[in-house]
Amino acid sequence: METSLNYLVLEVRADNSYEMFVELIEMGLPSLCVTTTYPEKLERMFPPMENAITVWVSSEGKGEGGFYGKEMKSSILHRVQDFTRKNDGAAVMIDDIEYLILENSEDEVLDFVRKVSRAVATADGTLVVPINPDAVSEGFVKGMSRIFDIIDDRR
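In this note's numbering, the protein residues as written are 337 to 491.
Among the hints, a few may not be true.
[Unchecked claim] Only pairs whose alpha carbons sit at most 27 angstroms apart, straight line, appear in this in silico DSS-like list of lysine-lysine:
1. Lys-478 / Lys-409
2. Lys-377 / Lys-406
3. Lys-409 / Lys-451
4. Lys-422 / Lys-409
5. Lys-422 / Lys-451
6. Lys-478 / Lys-422
7. Lys-406 / Lys-422
8. Lys-377 / Lys-409
9. Lys-451 / Lys-478
[Stated by the list, open to error] Okay, the calculated beta carbon distance ranges per label pair:
10. Glu-376 / Lys-478: 12 to 22 angstroms
11. Ile-486 / Glu-434: 17 to 27 angstroms
12. Glu-442 / Gly-364: 19 to 29 angstroms
FYI, nobody ran anything at the bench for these hints, they're computed from the structure. Using N, Cα and C, we set each Cβ at its ideal position, and we do this for glycine too.
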């Protein structure tokens, strides 16, 4: 896997994307994952994830150490930007874009992903974002495709 690129992975489940992200972790890259999967469960499924910082997006919000999906444009974005500023060559993954759309809107999520992509690019980092194209609009997939260097269709 080539670093310093943005990967949009089209797949029903994010397994391939997590395998890609684990590869980046195993290369020793500082890594941050934004996900709706509980961090301990994620580490059981993909043990190298214990070496990544996990930003948990949850309906429980900060009470359980996570963030609400509606905090995408504020707290979550700032967390990603701060991480990439402090970690050149960082790897970032954003999982469950579909949940962020439910909590926000497609346009807001596209704007969020653009900002994350810029932050990662500025740090000469690598971004991995899986989406299930069957769960979002065709227009959203096209909009996302314009942001990324590599479109990897794993359906």
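Now for the hints, and whether the structure bears them out:
The straight-line distance between the Cα atoms of Lys-478 and Lys-409 is roughly 21 angstroms, inside the 27 angstroms bound, and the hint therefore holds. Distance restraint check for Lys-377 and Lys-406: the Cα-Cα separation of roughly 23 angstroms lies within the 27 angstroms cut-off, and the hinted pair is therefore satisfied. For the suggested pair Lys-409 and Lys-451, the alpha carbons sit about 9 angstroms apart, so the restraint of at most 27 angstroms is met. Of the pairs offered as hints, the one joining Lys-422 and Lys-409 holds, with about 20 angstroms between alpha carbons and a cut-off of 27 angstroms not exceeded.
Under the criterion of a C-alpha separation no larger than 27 angstroms, the hint pairing Lys-422 with Lys-451 is consistent with the structure, at around 16 angstroms. Using a Cα cut-off of 27 angstroms, the hinted pair Lys-478 and Lys-422 is violated, with the two alpha carbons roughly 31 angstroms apart. A distance of roughly 25 angstroms separates the Cα atoms of Lys-406 and Lys-422; the hinted pair therefore holds under the 27 angstroms criterion. The straight-line distance between the Cα atoms of Lys-377 and Lys-409 is roughly 26 angstroms, inside the 27 angstroms bound, and the hint therefore holds.
Among the hinted pairs, Lys-451 with Lys-478 is consistent with the structure: their alpha-carbon atoms are about 17 angstroms apart, no more than 27 angstroms. Under the hint 12 to 22 angstroms, the C-beta atoms of Glu-376 and Lys-478, about 36 angstroms apart, miss the expected range. Between Ile-486 and Glu-434 the CB atoms are about 20 angstroms apart, so this pair conforms to the stated range of 17 to 27 angstroms. Checking the proposed 19 to 29 angstroms range against Glu-442 and Gly-364 shows it is violated: the Cβ atoms sit about 35 angstroms from each other.
When the structure is compared with the earlier hints, violations turn up for hints 6, 10, 12 and for no others.
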